[in-house]
Amino acid sequence: MDERAAAIAHLLLRVGVLDPDDPDHQQVRQDLIADSALLAAVRERLAAVGWRLEQFLGHWGVRVDRGVESAAVGLPRGGDLQAHHLRMLIWLWVQLVYRQVEAARREEEPDALPGRRQRALDFGDEPDPRDETPSVAFEEVLAEFGQQYSERGVKGMLSVLRKHRFVRQEGATGPVRAGPALFVLVDPLRMEEHVVGIARRGAGPLVTAAQDAAEVG
Amino acid sequence: MSLPRDMIRGVEPVARVEEDDYGHELREWLAPGVSPEHVDGLEEAEGILVVARLARSLFSTTGAATPLKLVVLFQMARAEGRFSRERIRSLNRSIAADRLDAIVTSLHDGGWLELRDVDRTYRVSPLGHYFLSVLRAAGFAGQGSANLLIRAAETVRFGAAVDAGSETRLLGLLLAQTEAVAERASETLRVGQHRELIRFSRVEVRTQLEHVEEVLKALEERFQQTPALFERIVRIHEAMQTILRAHKGLQDRLAEWNLKTLETAGAGYSLTALCDAVMGASDGEVLSAVASGAVALPWPVVAFSTEVAITRSLTSRIAARTAREAFVYEAPSEPRVEALRLEDVDPVARLRAALRGLSKDLAPGDAVTSSAWIDAQASDFADAVFLLNLLARLEGQSRGGIDVDGVVLAPETPAADPEAWRDLDPEEAIEALRRLGVLARVPGKGIHTDVRLRRIAEGGCTDG
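So the sequence lines, in the order shown, correspond to chains D and L.
Counting with the working numbering, you get residues 1 to 217 for the letters of the first sequence.
Counting with the working numbering, you get residues 1 to 464 for the letters of the second sequence.
Keep in mind the hints are simulated off the structure, nothing from the lab.
The model shown is predicted, which means the values in this text are computed figures rather than measured ones.
Wrong hints could be hidden among the right ones.
[As the list claims (entries may be wrong)] Some residues of chain D that are not near chain L, with every Cβ distance over 10 Å (derived):
1. D35
2. L38
3. F56
4. Q95
5. E102
6. S135
7. F138
8. K155
9. H164
10. R177
11. A181
[What the hints assert, rightly or not] Some but not every residue of chain D turned toward chain L, in silico, with C-beta under 8 Å:
12. D19
13. D21
14. R63
15. L86
16. L89
17. I90
18. V94
19. Y98
20. G146
21. R162
22. L185
23. M191
24. V195
25. V196
[Unchecked claim] Rough simulated footprint, nothing fancy, chain D against chain L, three-plus residues with beta-carbon under 8 Å:
26. 271-281
27. 285-296
In this text, a Cβ means the ideal position worked out from N, Cα and C, and glycines have one as well.
In isolation and in its complexed conformation, chain D is listed as follows (with noise of 0.2 Å):
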């Protein structure tokens, strides 16, 4: 089992977050979620080099310890991801994850889009499989992001989100999913605290945002 657990770890060091659509990592999942020792193992061996093993909605991943974190000051961190990178990427988790958090906190079908089973009901329709996972269609991000950045910078700002994994994306125009990065990077109860403080806040005009559109644009 040691061996096992340490070829996890090292997968997890390597590829940060488990790509859903990989047999490997899902076999990984499978394995963690049925064995609490090999979990427990994992945990271990990755607490021993700062980083810690996170779940959240069924999606896996390592994220740096918050101690080492804070007392590594000055390496590169984010690489390419600046504010309007960031912008993008919280808008995104409250269509794509924070839906999905309320629907679990009422006890409704997570993943059921609205209309889905009213549609069932009249026409008989077969649900199509691909409505099971949340997206946001690249018009509607672009009729959102289109106001401040021209649509070359709306896709460069997705194509950095897919490096990193925040999202997935069928070609530059195809319906935008969530990442596993936006699961396990992303701090759900501290994302929406701050949230909800921008909005209790009040936001202002985008001045700033509007200033970054020359640069992405």
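Mind docking chain L on chain D? Use the hints.
Quick look at chain L alone, frame taken from chain D:
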């Protein structure tokens, strides 16, 4: 439809003035010998003539005057009391003063406004009030499909009242309209996005259908006596049921969608409001999500231990399984650097080296066959022939032998008696000559005369 007596009284003076002209003109329009009393429907039509003067006055030849006249009438119909010209101006400041005076004069001449001479004030005439309310209630604006549904129902109601023979055609129109709305409702429910659902829901189909149903109930008893008409009413009811079912579906979907998108359990903010807040937040507020720990940005591995090293060494199996093994750099092999040997590039030098090697271990007087060293030096038949050619050239140019670093080698060719081989089979003869050492097989193919090199004990001849 009968008008109140006081309304009729208001237009009587005008009607009397025009009565003679009307009777004279009507007789001109009728066929000879036909009196107005014998024209069917004329009396009913003449009942509408009381508003003819009002209509002529309202619908001017210029497009802009009619709506402005209606605006003035709406203002005066809503307000209390009588209106002087100054009061009318104060109520309609958006209309140019001279044009407003012209409008008031026109409305007065057309019978819309009554003038009291005592104080020179106006009010809307009773017939004008009634005609104005009829025009407004007709609701000619808004020709959307839902409104058209009500229009169709009203047409059936009034059409049945006016023309008893028009029910079939009018019900057909109502049926077509109802079925069109039903089809659109089903299509919207099937493929519509939430915005389309909201838009469709806002046309208040349910209210429209209740109105249609009310009209149909009123007409049903009469139409039950006519099977064809009753069948159409049944079909209209069926289409209405389809619309109601679709509308119920739309409402359920919208309610479900609202529940999911417009409510948040803890904070009391809708998701839309939260998204708007994020879009409106400053860069500092957005970046503070990282500082607060809400977002952990992707990090490189900041720690490395023997555990990691062991882990890495053990996980090559996973990498190999997914065909994602890391590239391992290998330094290219160093080229061999040696001094240039002339025999590698010069055939003559190569021959000389071969002969030197041959003569080194050769005792004076001894001989060696060419087969021995050609096999060692030539790689193929062409190479062997080339070496032999060079050897023959050296032999031809030398007088007493080939001098190789002081050792003289004399080529000699073993002789064979041709007469002794005359009757032999060529193949056997060649094989016999090869066994005797006269012929030698060279690499690749072919047989040549074996050349022997014999070391001469003494001599100083040149090799050319």
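Outcome of the hint check:
1. Look at D35 (chain D): its CB is around 17 Å from the nearest CB on chain L, clear of 10 Å, so calling it non-interface holds up.
2. Listed as a non-interface residue, L38 (chain D) keeps its Cβ farther than 10 Å from every Cβ of chain L; the least gap is roughly 14 Å.
3. Its beta-carbon lying about 12 Å from the closest one in chain L, F56 (chain D) satisfies the requirement of being farther than 10 Å from that chain.
4. Consistency note on Q95 (chain D): stated as away from chain L, yet its beta-carbon is not over 10 Å from all of that chain's, at 7 Å minimum.
5. With a least beta-carbon separation of about 6 Å from chain L, E102 (chain D) fails to lie farther than 10 Å from that chain, contradicting its non-interface assignment.
6. The Cβ of S135 (chain D) lies farther than 10 Å from every Cβ of chain L, with a closest approach of about 13 Å, so its non-interface assignment holds.
7. Every CB of chain L is more than 10 Å from the CB of F138 (chain D) (nearest about 15 Å), matching its label as outside the interface.
8. Every C-beta of chain L lies more than 10 Å from that of K155 (chain D), the closest at about 18 Å, which supports listing it as non-interface.
9. The claim that H164 (chain D) lies off the interface is violated: its Cβ sits roughly 5 Å from the closest Cβ of chain L, which falls inside the 10 Å cut-off.
10. Separation of R177 (chain D) from chain L is adequate, the least Cβ-Cβ distance of about 17 Å exceeding the 10 Å criterion.
11. At the 10 Å boundary, the C-beta of A181 (chain D) falls inside the reach of chain L, the nearest C-beta of that chain being 7 Å off.
12. With a cut of 8 Å, the hint placing D19 (chain D) at the interface with chain L is violated, because the nearest CB-to-CB distance is about 10 Å.
13. Against a cut-off of 8 Å between C-beta atoms, the interface hint on D21 (chain D) is violated, since the closest Cβ of chain L lies about 12 Å away.
14. A cut of 8 Å between beta carbons decides the hint on R63 (chain D): the least distance to chain L is about 4 Å, and the hint holds.
15. Here the hint on L86 (chain D) is kept, as its CB sits about 5 Å from the closest CB of chain L, short of 8 Å.
16. The closest approach between the C-beta of L89 (chain D) and any C-beta of chain L is roughly 7 Å, which is under the 8 Å cut-off, so the hint is satisfied.
17. At about 5 Å, the closest approach between the beta carbon of I90 (chain D) and any beta carbon in chain L falls short of 8 Å, and the interface hint on this residue holds.
18. Using the Cβ-Cβ criterion of 8 Å, the hint placing V94 (chain D) at the interface with chain L is satisfied: the shortest such distance is roughly 5 Å.
19. Satisfaction of the interface hint for Y98 (chain D) is found here, the shortest Cβ-Cβ separation to chain L being roughly 7 Å, below the 8 Å cut-off.
20. Because the smallest distance between the Cβ of G146 (chain D) and any Cβ of chain L comes to about 12 Å, over 8 Å, the interface hint for this residue is violated.
21. With its C-beta approaching chain L no nearer than about 12 Å, R162 (chain D) sits outside the 8 Å limit, and its interface hint is violated.
22. For L185 (chain D), the interface hint holds, the least distance from its beta-carbon to any beta-carbon of chain L being 5 Å, beneath 8 Å.
23. Interface restraint check: M191 (chain D) against chain L, minimum CB-CB distance 4 Å, threshold 8 Å, status holds.
24. Interface hint at V195 (chain D): satisfied, since its Cβ lies 5 Å from the closest Cβ of chain L, which is below the 8 Å cut-off.
25. For V196 (chain D), the suggested interface contact is upheld, since its CB lies about 4 Å from the closest CB of chain L, less than 8 Å.
26. With a threshold of 8 Å between beta carbons, the proposed coverage of the segment 271-281 of chain L by chain D holds, since 10 of its residues qualify and at least three are required.
27. Counting residues of the segment 285-296 of chain L whose beta-carbon sits less than 8 Å from any beta-carbon of chain D gives 11, enough to reach three: the coverage restraint holds.
Comparing the model with each numbered hint stated earlier shows that hints 4, 5, 9, 11, 12, 13, 20, 21 do not hold.
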